[in-house]
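Each residue of the sequence shown is one higher than the one before, starting from 1 at the first, in the working numbering.
Fair warning: there could be bad hints in the mix.
In silico lysine-lysine, DSS-like type, Cα no more than 27 Å apart, as pairs [said to hold, decoys possible]:
#	residue 1	residue 2
1	K95	K14
2	K14	K118
3	K162	K118
4	K14	K162
5	K95	K155
6	K155	K14
7	K95	K118
8	K118	K155
The following label-pair restraints were derived from C-beta to C-beta distances [what the hints assert, rightly or not]:
#	residue 1	residue 2	range
9	A144	D114	40 to 48 Å
10	A35	A66	27 to 35 Å
11	L191	A150	14 to 22 Å
12	D107	G173	37 to 45 Å
13	T197	G27	20 to 28 Å
14	E136	D114	30 to 38 Å
15	G166	E136	18 to 26 Å
16	A150	A30	12 to 20 Å
What the hints contain is simulated information worked out from the structure, not anything from laboratory work. Ideal placement from N, C-alpha and C gives every residue a C-beta, glycine not left out.
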Amino acid sequence: MADAYLVLHGLAIKRHADAVAVAAALGLDAAAVRAALDEAVGTGRVARAGDGYTLQPLARVALDGAYSRLFAAQRADAAFAAAHERFETINRDLKALMTAWQTIEIDGESVLNDHANKDYDDRLIDRLGALHERAEAVLGALAAGLPRLAIYTQKLEAALEKAEDGAIEWVSGARIDSYHTVWFELHEDLLRILGRTRQD
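Assemble the whole structure, with the sequences as input and the hints as a guide.
Here it is, written out as structure tokens:
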């Protein structure tokens, strides 16, 4: 069976998800994750509705108490902390880019982007590609400090490639592993690893 606390951590990042999605987020075997989640349902740490799982308050307390032990090595690693600071700098740029993706200026007024202006969208996808290039070294440094984080790089690259090929929903679609969704989950993962709070 997968490590119970790591599985709960994955569910905390996903918030509400099935075992396959939690396993994919962690790079673990889905059957092992499902077994761990079902055991957590039995102890009251997790609630199940259909195929989906959600953390219960008891699990959140348990996780908060376990994080300092689970991620002691990363919290003591100066290189990991420095990589996180560089990540936060790029994160601010990504937030600005996503705001530009969601809105467009027409006649001096900012309105919701209906994505009818392909040139505008293409320019922003080019900017996203440049941002990803900046992020590659940071992502590599984070994965060096905690190897399972490499799965985020794989997902980000896959989403960017699809967006560059014209499937623009992979920029920020909420129901898929879009670039923004994966980045958001990585950010949440890092904050929990380091015991930080989200500022946005």
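Evaluation of the provided hints:
1. K95 x K14: Answer holds: K95 to K14 is near 20 Å, not above 27 Å.
2. K14 x K118: The given pair, whose Cα atoms are some 32 Å apart, is violated under the 27 Å limit.
3. K162 x K118: holds, 15 Å
4. K14 x K162: holds, 22 Å
5. K95 x K155: Holds, at about 18 Å.
6. K155 x K14: It holds: about 15 Å lies between the C-alpha atoms, which stays within 27 Å.
7. K95 x K118: holds, 21 Å
8. K118 x K155: Within the cut-off at roughly 24 Å; holds.
9. A144 x D114: 40 to 48 Å: At roughly 41 Å between Cβ atoms, D114 and A144 fall inside 40 to 48 Å, so the hint holds.
10. A35 x A66: 27 to 35 Å: violated, 19 Å
11. L191 x A150: 14 to 22 Å: Distance hint for L191, A150 holds at roughly 18 Å.
12. D107 x G173: 37 to 45 Å: For G173 against D107, whose Cβ atoms are near 28 Å apart, the range 37 to 45 Å is violated.
13. T197 x G27: 20 to 28 Å: holds, 26 Å
14. E136 x D114: 30 to 38 Å: The hint (30 to 38 Å, Cβ to Cβ) holds, given that E136 and D114 are roughly 32 Å apart.
15. G166 x E136: 18 to 26 Å: For G166 and E136 the Cβ distance comes to about 23 Å; the hint holds.
16. A150 x A30: 12 to 20 Å: Distance hint for A150, A30 holds at roughly 18 Å.
In this structure, the earlier hints numbered 2, 10, 12 are contradicted, and the remaining ones agree with it.
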